[in-house]
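Hey, can you work out the whole structure from these sequences and the hints?
Chain by chain, the residues run as shown.
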Amino acid sequence: MPADHGVRPATVTARGWGWRHAGRPRPAVSGLDLDIRPGERVLLLGPSGAGKSTLLHALAGVLGDSSAGAAGSAPADAEDADETGSLLIDGAPPRAQRGRAGLMQQDPETQVVLSRLGDDVAFGAENLTVPPADIWMRVAEALEDVGLGRLPLDHPTSSLSGGQKQRLALAGILAMRPGLILLDEPTANLDPAGVLEVRDAVGRCLAKTGATLVVVEHRVSIWKDLVDRIVVLQPGSATHSAVLIDGPPDRVLAQARDMLTAAGVWVPGYVPQTRPRGTRTGTPAAGPGGAASAGQLLLAAEDLAVSRERPRRAGLRGGFRPVPPEPVQSAITAQVRAGEALTITGPNGSGKSTFALTLAGLLAPVSGRVSATLDLSAGAGIDPYKWKAQQLIARIGTVFQEPEHQFVTGRVLDELMFGPRHLGRGGDRVDELLERLRLTELVDANPYTLSGGEKRRLSVATVLAAHPRVLVLDEPTFGQDANTWAELASFLSELLDDGTAVVSVTHDAEFSQVLGGTELSLRAPEHREPEGLEPGREEGKIKAS
Amino acid sequence: MTDTSARQTLTGRSYNWRVVDIVVAALIAVAGGVIFWAWSQGANLISAPVNAFYPPLTGLYAGGWMIPAVLGMLIIRKPGAALFCETVAATGELIMGSQYGTTVLISGVLQGLGAELVFAAFMYKKFNLPVSLLAGAGAGLFCGLNDSFLPWGWNIAYAGGDKLAYIIFTAISGAVIAGGLSWLATRGLARTGVLSSFASRKAATEPVFS
Amino acid sequence: MRQELTLRGNHAVLTRANPLAKFAAVMLVTMVLALSIDWVSASVALTFELALLPLAGLTVGLLWQRGWPLILAAALGGWSTTILAPDSGSILLDARIWSISEGSLELGLGFMLRGLAIALPAVLLMSCTDPTDLADALAQKAKLPHRFVLGTLAAMRLVGLMAEEWQTIGMARRARGVGSHGNPLQRLRATLGQSFGLLVQAVRRASRLAVTMEARGFGDAPRTWARKSAFSGLDAWVFLGGLLIAGAAVASALAAGTWNMVFLARQ
Ligand SMILES: Nc1ncnc2c1ncn2[C@@H]1O[C@H](COP(=O)(O)OP(=O)(O)OP(=O)(O)O)[C@@H](O)[C@H]1O
Ligand SMILES: Nc1ncnc2c1ncn2[C@@H]1O[C@H](COP(=O)(O)OP(=O)(O)OP(=O)(O)O)[C@@H](O)[C@H]1O
Ligand SMILES: [Mg+2]
Ligand SMILES: [Mg+2]
Numbered sequence: 001m002p003a004d005h006g007v008r009p010a011t012v013t014a015r016g017w018g019w020r021h022a023g024r025p026r027p028a029v030s031g032l033d034l035d036i037r038p039g040e041r042v043l044l045l046g047p048s049g050a051g052k053s054t055l056l057h058a059l060a061g062v063l064g065d066s067s068a069g070a071a072g073s074a075p076a077d078a079e080d081a082d083e084t085g086s087l088l089i090d091g092a093p094p095r096a097q098r099g100r101a102g103l104m105q106q107d108p109e110t111q112v113v114l115s116r117l118g119d120d121v122a123f124g125a126e127n128l129t130v131p132p133a134d135i136w137m138r139v140a141e142a143l144e145d146v147g148l149g150r151l152p153l154d155h156p157t158s159s160l161s162g163g164q165k166q167r168l169a170l171a172g173i174l175a176m177r178p179g180l181i182l183l184d185e186p187t188a189n190l191d192p193a194g195v196l197e198v199r200d201a202v203g204r205c206l207a208k209t210g211a212t213l214v215v216v217e218h219r220v221s222i223w224k225d226l227v228d229r230i231v232v233l234q235p236g237s238a239t240h241s242a243v244l245i246d247g248p249p250d251r252v253l254a255q256a257r258d259m260l261t262a263a264g265v266w267v268p269g270y271v272p273q274t275r276p277r278g279t280r281t282g283t284p285a286a287g288p289g290g291a292a293s294a295g296q297l298l299l300a301a302e303d304l305a306v307s308r309e310r311p312r313r314a315g316l317r318g319g320f321r322p323v324p325p326e327p328v329q330s331a332i333t334a335q336v337r338a339g340e341a342l343t344i345t346g347p348n349g350s351g352k353s354t355f356a357l358t359l360a361g362l363l364a365p366v367s368g369r370v371s372a373t374l375d376l377s378a379g380a381g382i383d384p385y386k387w388k389a390q391q392l393i394a395r396i397g398t399v400f401q402e403p404e405h406q407f408v409t410g411r412v413l414d415e416l417m418f419g420p421r422h423l424g425r426g427g428d429r430v431d432e433l434l435e436r437l438r439l440t441e442l443v444d445a446n447p448y449t450l451s452g453g454e455k456r457r458l459s460v461a462t463v464l465a466a467h468p469r470v471l472v473l474d475e476p477t478f479g480q481d482a483n484t485w486a487e488l489a490s491f492l493s494e495l496l497d498d499g500t501a502v503v504s505v506t507h508d509a510e511f512s513q514v515l516g517g518t519e520l521s522l523r524a525p526e527h528r529e530p531e532g533l534e535p536g537r538e539e540g541k542i543k544a545s
Numbered sequence: 001m002t003d004t005s006a007r008q009t010l011t012g013r014s015y016n017w018r019v020v021d022i023v024v025a026a027l028i029a030v031a032g033g034v035i036f037w038a039w040s041q042g043a044n045l046i047s048a049p050v051n052a053f054y055p056p057l058t059g060l061y062a063g064g065w066m067i068p069a070v071l072g073m074l075i076i077r078k079p080g081a082a083l084f085c086e087t088v089a090a091t092g093e094l095i096m097g098s099q100y101g102t103t104v105l106i107s108g109v110l111q112g113l114g115a116e117l118v119f120a121a122f123m124y125k126k127f128n129l130p131v132s133l134l135a136g137a138g139a140g141l142f143c144g145l146n147d148s149f150l151p152w153g154w155n156i157a158y159a160g161g162d163k164l165a166y167i168i169f170t171a172i173s174g175a176v177i178a179g180g181l182s183w184l185a186t187r188g189l190a191r192t193g194v195l196s197s198f199a200s201r202k203a204a205t206e207p208v209f210s
Numbered sequence: 001m002r003q004e005l006t007l008r009g010n011h012a013v014l015t016r017a018n019p020l021a022k023f024a025a026v027m028l029v030t031m032v033l034a035l036s037i038d039w040v041s042a043s044v045a046l047t048f049e050l051a052l053l054p055l056a057g058l059t060v061g062l063l064w065q066r067g068w069p070l071i072l073a074a075a076l077g078g079w080s081t082t083i084l085a086p087d088s089g090s091i092l093l094d095a096r097i098w099s100i101s102e103g104s105l106e107l108g109l110g111f112m113l114r115g116l117a118i119a120l121p122a123v124l125l126m127s128c129t130d131p132t133d134l135a136d137a138l139a140q141k142a143k144l145p146h147r148f149v150l151g152t153l154a155a156m157r158l159v160g161l162m163a164e165e166w167q168t169i170g171m172a173r174r175a176r177g178v179g180s181h182g183n184p185l186q187r188l189r190a191t192l193g194q195s196f197g198l199l200v201q202a203v204r205r206a207s208r209l210a211v212t213m214e215a216r217g218f219g220d221a222p223r224t225w226a227r228k229s230a231f232s233g234l235d236a237w238v239f240l241g242g243l244l245i246a247g248a249a250v251a252s253a254l255a256a257g258t259w260n261m262v263f264l265a266r267q
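Protein chains in written order, with the numbering used here: chain A, 1 to 545; chain B, 1 to 210; chain C, 1 to 267.
Treat the hints with caution; some may be incorrect.
Computed cross-link-like contacts, EDC-like style, restricted to lysine to aspartate or glutamate with a CA-CA straight-line distance of at most 20 Å [stated by the list, open to error]:
#, chain 1, residue 1, chain 2, residue 2
1, C, K143, C, D220
2, A, K455, A, E441
3, A, K388, A, E402
4, B, K202, A, D82
5, C, K228, A, D134
6, C, K228, C, D133
7, A, K388, A, D375
8, A, K208, A, D225
9, C, K228, A, D154
10, A, K224, A, D481
11, B, K202, A, D444
12, A, K208, A, E197
Have a look at the derived ranges for each label pair, beta carbon to beta carbon [said to hold, decoys possible]:
#, chain 1, residue 1, chain 2, residue 2, range
13, B, P207, A, L297, 45 to 53 Å
14, B, N16, A, L196, 41 to 49 Å
15, C, N183, A, G203, 58 to 66 Å
16, A, L297, B, V176, 51 to 59 Å
To be clear, the hints were calculated from the coordinates, so they are not data collected in a lab. In this text, a Cβ means the ideal position worked out from N, Cα and C, and glycines have one as well.
Given below as structure tokens:
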């Protein structure tokens, strides 16, 4: 069957392979010995920073400077990147055979190259000098395979949802007919339905082409049935080998379960131990409104309609009056109470983040209103959107979906002291936060250079340092290994018991279970295509539990 | 000994543009366009009274348009970077809608050239503060000349003295805003580690004057 | 914002012309208009351009919606010329460095109309040209190096994303206590901080995008093009149209005696 599609599954051979990134003292991977047979499907696991992405990039031939080696001049600078051992695909270096491997990275937005659907899928095939007539055949077939065949070829890629973008990236790879498919956390950020969509698309394509697969993912359960081998990497070191565990899924999961959970891998059926709710320990949080009593109403949204877009100015004829944007969600009603959790769920693009930002006083509502009770506002006025930034951070703390957006200084400690200093307070809580969120070692590091998990923890800590009484968290657990997950969940449950209100946006059912409270589930957005408009179809909220 | 190894690094560093150089340069130009667009929302408020009072003073914030030229070169450090970034920035402005029509492309090329010539004069080996300021001034000078003497320039009909004042203002603005801010931004970026795959990755610790 | 770089839904005639032909026509008109500051050539060209709006899928209403800031800017340009151009004819107003004379007023008016006549075709061009088609034409027909053309095109796609990012970073900083309130100095600092955040994000995004492109085999090597960029009969008409507008503008200005070469401008 593979012959039908002109796909020749690739072999991977690594012998003592290692890589050190430019400007880094330690190698990301070292002493890697690995053989992958043609057609084999490998799930690559390992703690954050173990070098999984580095290995995938090397296999795709995109690691390092493509022109440096060409002149044959050895890097004279000790700061330059450094490769050891050998890593071969079908016996030749990956860089020499572009197109043998197709790589999918994590951020869906940077997976899309061009602005029309068809062009984007064709891009890789064009670079491999496939004759134009064949390209369109391949494009149609690839789109069909990933389940996007119903969209027109000139469909704008910017209007695809997250899951559709991931499938588009997969189609772009398939159109190149690679012998080795490399997927780096292909389902991060997707809602549960999207995760299955992408996984199934990959499964169909592999069944059809028989290509070799290497996939990286933190959660084992998704891929367990599709792969026939699990390889666990450990961070680079000179003494032991890079591969910690290697074997068929069932055997690895049965025999090395403890090793896996210790390494923070999400093993099926395993929920990390967290602190139970309702075991009050510390002193109640003291906000501007004084001590909190549980169940007190702090913040309410009434008949709220939200959108990221700001009102446009109508031109002369409209008298330059603002025209309100089309809301993504409307008629949302919710209440935030001291000591209680509110979880916001819903599919990708349903407006969860937009609603959270509006609730947190960062976005102006399109219609309806957000009002703070006297208890929370403590003299700052009823509308959080109108509060000054300094008034806001002492009352409502928001952690964004992307931590990097929130960094304002060049040093972890400064970052933590920033809020308290602006409020004219001492950093009494900072040491405890550093300790609890395992950031003590990193006080002098630059926030942007931290690993993904550390960045997430830091952004939570910076917000907590200002003692807000309402905490709004957007996808706090995404991309975390199981150990960090447990730490974070325990910490939040403690805050809840101390009277802080926690609002979190999440796809993570286990997480919302740990926190308890109410769930607000937003419905999928209508597909607002330029054609076939359906104005005034009912949108809204369902309130559950 | 140290001398030869330093030379080797230089020759070893290829002047060929990699894909990442091209995309990052283009996006810097584009982001520069977005920043300036956001900035000019506020600047518009100032611009109206200034224009009513003494129009050549508007040259003082022309520097914002030339940030991509200097910033692009300070980051990429390959011949042509200033010219390329400024041209792309102008193209971006054309696409977003420009009051200068297609002549914005010519202005872009000329401003980029102004900065490029300064960097070329230093053989693409020096990227310190004085060179950045000079490059910004170079871009500003070419901007002022273009606006004052070429047929499509907006100030073509000004009297001679006003033209001279305008050119001096654009050069100062280019040096301070495009040169100074870009230099600071490059150091800041290098500190965040995002420049790790570029020749400028150590910009944060380079000496200021040599 | 997210959709601004595609032309979906616009099926006007000019969307089918080759971008290079359209560009050449616009350049021609622009250059001819740039040569003279007079109200006759500018208004003739402007009239033709307005008549062409439907061919590009635009209406006057749409144009005003998108273009009113440009129109205000053109008016301002006319004003500064009016008060700063050397005086001729009778003086209408004199207040130290400001002075308005008949000559400078005529110049200012001509300047304003000319500004509009130069800005309009560019808006016309961009509203009927898909950047992807432009890139195809630049790489295939104008033979510019494809790595640079496609690399730029891919970066341009992120423009809308960057504008959204700007807004998000602004909110994120407010959530950290950095307001854009306060005195002008504090505001300036806040804006600079926000700009820096955007730059960091831009470099990261671009680096990842470059990896995506390289992983799809993008590089120096020759490539094929799934869509051929071609010239057609329509393109000849487009170019002729540009020639006609330029010619009509010059001829009418010469006939009316208002043609006023910039380099020989009346002093
Ligand atoms: N471009 C780079 N420059 C410098 N260091 C890098 C670069 N990319 C990765 N590193 C470093 O190399 C190490 C391995 O990173 P890598 O991204 O391969 O980890 P990972 O296993 O994919 O982790 P995660 O699960 O968090 O994605 C880390 O310490 C990381 O900081
Ligand atoms: N910065 C932005 N500017 C304009 N529109 C945006 C922006 N961010 C998102 N949108 C649009 O607003 C809608 C809601 O997005 P939002 O981010 O609130 O969804 P979400 O439920 O948080 O999705 P996800 O699960 O992917 O995070 C989507 O249609 C999206 O395309
Ligand atoms: Mg990774
Ligand atoms: Mg979201």
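The hints, checked one at a time:
no.	hint	result
1	K143(C) x D220(C)	holds, 14 Å
2	K455(A) x E441(A)	holds, 14 Å
3	K388(A) x E402(A)	violated, 23 Å
4	K202(B) x D82(A)	holds, 18 Å
5	K228(C) x D134(A)	holds, 14 Å
6	K228(C) x D133(C)	holds, 10 Å
7	K388(A) x D375(A)	holds, 17 Å
8	K208(A) x D225(A)	holds, 17 Å
9	K228(C) x D154(A)	holds, 16 Å
10	K224(A) x D481(A)	holds, 17 Å
11	K202(B) x D444(A)	holds, 18 Å
12	K208(A) x E197(A)	holds, 17 Å
13	P207(B) x L297(A): 45 to 53 Å	violated, 59 Å
14	N16(B) x L196(A): 41 to 49 Å	holds, 44 Å
15	N183(C) x G203(A): 58 to 66 Å	holds, 60 Å
16	L297(A) x V176(B): 51 to 59 Å	holds, 52 Å
Hints 3, 13, counting from the list given before, are not met by this structure.
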